[in-house]
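Which chain is which? The protein sequence lines are A and B, in order.
The working numbering numbers the first residue of the first sequence as 2 and each following residue consecutively.
The working numbering numbers the first residue of the second sequence as -8 and each following residue consecutively.
Just to be clear, a hint being listed does not mean it is correct.
[Stated by the list, open to error] Some chain B residues close to chain A (C-beta under 10 Å, calculated; not the full set):
(1) L4
(2) V93
(3) W117
(4) G147
Hint data in this document are derived by calculation from the structure and do not stem from the laboratory.
The C-beta atom is built at its ideal place from N, Cα and C for all residues, glycine as well.
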Amino acid sequence: MGGFLPPAQRHSGLALAICTFLSLLLLATGERLPIASLRGIGAFVFAPFDRVVLSVDRLAAAWSENQQLHLRIAALELENERLRAGGEENERLRQQLNLPLYHARPLKAVEILSLSGEGLVTSATLSAGRHGGVHEGDPVVTTEGLLGRVSEVYPDLSRALLLTDPNVAVACEVESTGVLGVVRFNTAPRPRLVLTNVPLGDTVTIGERVVTSGLSQHFPRGLLVGRVARVGSDPSGLTQDIEIAPAARLSRIRHAFVLLIAGADKPAETKSAVNP
Amino acid sequence: MRSGGLSILLMLLVALLLRSTALSVLGARGVVIDVLAFATVAWSLRYGETSGTLLGFTIGLLADLDDGHWLGRHALVLALLGYAIGRLSHTLVRERTRTHLVVLAIATAVHQTWCTAFDLTGVAGWPYLLQRVALSVAVTAPLGALLIALARRLYGRPLFPHGPLGAGTTG
Chain A
2 MGGFLPPAQR
12 HSGLALAICT
22 FLSLLLLATG
32 ERLPIASLRG
42 IGAFVFAPFD
52 RVVLSVDRLA
62 AAWSENQQLH
72 LRIAALELEN
82 ERLRAGGEEN
92 ERLRQQLNLP
102 LYHARPLKAV
112 EILSLSGEGL
122 VTSATLSAGR
132 HGGVHEGDPV
142 VTTEGLLGRV
152 SEVYPDLSRA
162 LLLTDPNVAV
172 ACEVESTGVL
182 GVVRFNTAPR
192 PRLVLTNVPL
202 GDTVTIGERV
212 VTSGLSQHFP
222 RGLLVGRVAR
232 VGSDPSGLTQ
242 DIEIAPAARL
252 SRIRHAFVLL
262 IAGADKPAET
272 KSAVNP
Chain B
-8 MRSGGLSILL
2 MLLVALLLRS
12 TALSVLGARG
22 VVIDVLAFAT
32 VAWSLRYGET
42 SGTLLGFTIG
52 LLADLDDGHW
62 LGRHALVLAL
72 LGYAIGRLSH
82 TLVRERTRTH
92 LVVLAIATAV
102 HQTWCTAFDL
112 TGVAGWPYLL
122 QRVALSVAVT
132 APLGALLIAL
142 ARRLYGRPLF
152 PHGPLGAGTT
162 G
């Protein structure tokens, strides 16, 4: 080595040894370290810069988005009238059948300040925290569907784990048939969202909507997660391998909503704020 | 010394900001521009193995904190890359675009392979790993070499000058 390379810089070997040792130590013990507060400080430091970088991108898209939103508001107002009448009718019928009433839950609009993850985005920094009423465990949704849940809460910011994080599991059901399963993100053989634990005997067809079942600790019933994209059998031959196309576009998220339920009492059922 | 520290801070800030904003959007669509490997390569070529190791470790650790899982994953591989590239930089023709292209390609391939391997479960994920690494190398190496070439043109002087090592080296 000495004949091939010139002499090393002073202390470079020591620096390498220390860095390697610390890295290996962190790899071995890092999962047990309380690093949430450190990440909170990092999010706080980077939030102003994130806002500046994102505002440039968002200003460029604001004009066309504004036009689209005007049209959408008009369409939604018409739809809202129809739904309000339907909702009142539904409430009357539920009362007559002695069924519990739905509870609408407050939403907190948040901006996505940054996305984390190497290649696959697995978490996001949200622009609201404890002071905004956000609690750990609150579901995060977009107008299209479920995005994930709040994992860490800081005073004015919070961090959400997205459905693409392999540690997130959501109890779900196929809306039309009530077939139950657990939605997880698998990286093998390729990254995809799958509905697991569905017995081979249950019938699931492509295109059906998959919503939260309410059996999960964090997610109320009725939040749209995605649609069935492919149905096959698991390598074990015991359960089905059902691929889900996520409803929320995880590649381009600007704004989201936090369902403020973790701080309050958790209902078994809630009125879907995303897809009425 | 003070300007060196400020440069490190600026480099860390820009790299991490890019990674968590604009590049993460591209990353979600499958195009990973490896800004961490780029920063480590550029720094190691300019300042040598000691600075390269320390910058690689620091930027990797910050990225690990941001990712939330596997603390030390980026830090280890980037520190090793910083050292290796810094050591080799004394013998390379550091101002050649071809050198930058090759070093960036190798560094990106090593970094992406190591980091992606942590997310895989079993042999079935290897095609995805290879595809992702190939795409990342194909995007990062030319773009990084182009950026360095542009920076050199704007700067008007060599970015990676060959300096004497005598005073600061061990025999």
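Structure-based check of all given hints:
no.: 1; hint: L4; result: holds (7 Å)
no.: 2; hint: V93; result: violated (17 Å)
no.: 3; hint: W117; result: holds (9 Å)
no.: 4; hint: G147; result: violated (27 Å)
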